[in-house]
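Chemist: All chains should be modelled from the sequences, with the hints used to inform the complete structure.
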Amino acid sequence: MIHTLESVIKEHPFFQDFPEEHLEFITGCAKNVQFPEKHFIFLEGDPADEFYFIRSGMVSIELVIPHLGPTTVQTIGEGEILGWSWVSPPYRWHFNAKTLKRTRALVFDAKCLRAKCEEDHDLGFEMLKRFASIITARLDATRLQLLDIYGHND
Amino acid sequence: MTPKAPRSNNSVVLSPQQLDQLLQVLAKRDYEVLGPTIREGAVVYDHVYSTKDFPAGWTDEQAGGKYRLKRREDDALFGFAVGAHSWKKFVFPPAMRLWQARRSDGLFQIISETRKATKFAFIGVRACELHALSIQDKVFLKGPFVDTVYKLHRENIFIVAVDCVQAGGTCFCASMNTGPKAAAGFDLALTEVLHEGRHHFIVRVGTKAGADLVSQVSHEEATAADVEFAENLVAEAAKHMGRSLDVSGIKELLYRNIEHVRWDQVADRCLSCSNCTMVCPTCFCSTVEDLTDLSGQQAERWRKWDSCFTTDFSYIHGSSVRSTPRSKYRQWMMHKLAYWIDQFGTSGCVGCGRCITWCPVGIDITEEARVIREGETPASAAG
Amino acid sequence: MATMTENEVPQGVNADPMIPQLYRIDRVRDETDDTFTLSLVPENGEAKISFLPGQFNMLYVFGTGEVPISISGNPAITSVLEHTTRSVGIVTKAMGLLKPGDQIGVRGPFGSHWPLNEENGRDFVIISGGIGLAPLRPVLYFLMAQREKYRKIVLLYGARAPEDILFKKELERWRGKFDLEVQVTVDRAASGWRGNVGVVTPLVARAPFDPSNTVALLCGPEVMMRFAVMELQKRGVPHERMYLSMERNMRCALGYCGHCQYGPGFVCKDGPVYRFDQIASVFGKSEV
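So the protein sequences, as listed, match chains A, B and C. Under this note's numbering, the first residue of the first sequence carries the number 1, and numbering increases by one thereafter. Under this note's numbering, the first residue of the second sequence carries the number 1, and numbering increases by one thereafter. Under this note's numbering, the first residue of the third sequence carries the number 1, and numbering increases by one thereafter.
It is worth saying that the hints were derived from the structure and are not from the lab. No residue lacks a Cβ here, since even glycine has one placed at the ideal position from N, Cα and C. It is possible that some hints are incorrect.
As the list claims (entries may be wrong) - Stretches of chain A that chain C covers, calculated by requiring three or more beta carbons in the stretch to come under 8 Å of a beta carbon on chain C:
#1 74-80
#2 133-145
To be verified - Partial chain C-side listing against chain A, Cβ under 8 Å, derived:
#3 G130
#4 D187
#5 R206
#6 M224
Modeler: This is the structure:
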């Protein structure tokens, strides 16, 4: 069964209950993309002008630490969203994103989307509402990771 | 022999001397006779050899954090409420070795204890204490595992209960439906009557063993009037309880208020001293200690009384689940009045008032329950 | 009071549940740098090991003490008893020094078990964290031995770091089966780790099970289970089909020392495996 761009976007949980009138614009900002394994999708410091829906594969969010080398702090997998630094200034990536396996994704033109959100605040609110949930979930997860719940307590 | 008077079923009259004879018969039958006596300014339960050892002519003044003995104007043998001891210390010993182990050549063997059956006679068991015994029976005998030592001690106890004709300053058995009249679980139950120069006991017979013991001493049949008089004394006592506790829906009330601010307030006063658990006749928590001698070749396991207020009671994974006085007091009170019902089908509290009397700062379980209940709005009560 | 005579406790007969049965260490396997598995055989050669997945034993190290450890072996094997534990306190550290041939005392098995026989035809989602995989390993052996009785089986496992992953060989073996979905994640990765990094919670959100027909089994740190329960609730799994293994301080494991009380029950007899609705009134409440 061939999934059109539109159907993939519409069926994604992220866009559940997204107002119809904005869906067409969103679809226009999106296109399919593929990455081989061990490929840097973006690097720390790069301009954050896109975000991604991962359709298959796995991406590692990593930070390069002087004596440890590149360290993965989180992996993003199938069905998840990659990248929120496009939302706030200075619109630069804070981490590296590197594929761990061959990865297929939908890439969204965030630069274009940002401009449209400034114009149309309804659209802006819908997008930010949803990205807020993603960020909250990541924050919860990060806090749990910080707590080191499997570590020694004594 | 008295002239013929209307007889009442199963009730006899004993004089204090005849009661004393009863004790001698028990002793002759190799019972360890245990009853109330005075030691270090309080009524305790210990070996007694005659009614002379009883606290004749003494009563107790009890209030929150206060216990004093006071002289009575009469010579009542049981004219007090309850002291710090409860009967649990005989059936559930404060310290007991469970087994020993010996090691040689890296291998070890376990040596069990051979225990002799005891024959206790408890003299002067209050109605609340009868309930406390049956509550502990549920814990130690009716669970998935039977405590064999408790069973051994519990099986042969001869119980002489005593109705209360005077409520204590911190008593609330009437609220808990556990007294002041001894209803079941006894061989004999006494009501002490001092009236117009007479001093005697109306004795209800509860079992064949009780009847048999009574037949060994001279006695008289009780008249209906005697019995009625005694019953009225007890009924009056029920109206003069030192405390009261509204138990209607108390389990649900406390579950609804697990986070009530009152727990923080009582925590400011509670010292986690664990007195309440030591004196409570139903508290059953214990700990297990494994010890070795210096050579490391002989080991023992002991069971000892414990308290949910101790620091490491709930220790797991590097810290205690309940480390604050707030959580510990809440655990104790919620267990006593709420969780116990889910665990064993009855309340864990018999209204004896000991926890109130022996708390160094006078924390009062009835007051805590009342404040929480009164703090509920109709909305919060609806859950 | 009690008098003492020499009474060596006959093995295989356990009239007093406070007295341990003697077992011998057959094998010790280091799973990670602080976790090990003991394989025990009973001194009484005729004794058959019998337990239900989820149950635990009290293990006694001579002179040191006793601790509750979940049984982590295959319930179909009646000749060897396996326990996996972390070396964290006095007793488990002493246990970690035991060698094949040494003896250890065993009391049990105690406690409630995972609901495996009652849930034919269901999806199973098994959510484990850290040492929590140990009490769930018997479940996997059991389910895989009668695989046709169940629909989808998903195992989600969170560990601290790749070197802390337990039962690596079994996980690889299970991963290789087409009828068992295994997803492992770590809180922090080492270089070279090419698997998931992050907590178990997002895995629960995306795992391929049907919430309307799923039984969820959870075992791990309480905070992990709290967040996992929230995700399961979000996906519509009812409380009556969530099961959690809880832990509390234990001394007697027989229901009367009072230490393992958890709200309205005792973890040693009402648990350690609880159906969630049984503990919903106190779960997550601080210091209960």
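Chemist: Compare the structure with each hint and give your call.
Modeler: Status of each hint after checking the structure:
no., hint, verdict
1, 74-80, "holds (count 6)"
2, 133-145, "holds (count 5)"
3, G130, "holds, 4 Å"
4, D187, "holds, 5 Å"
5, R206, "holds, 5 Å"
6, M224, "holds, 6 Å"
Comparing the model with each earlier hint shows no violations; every hint is respected.
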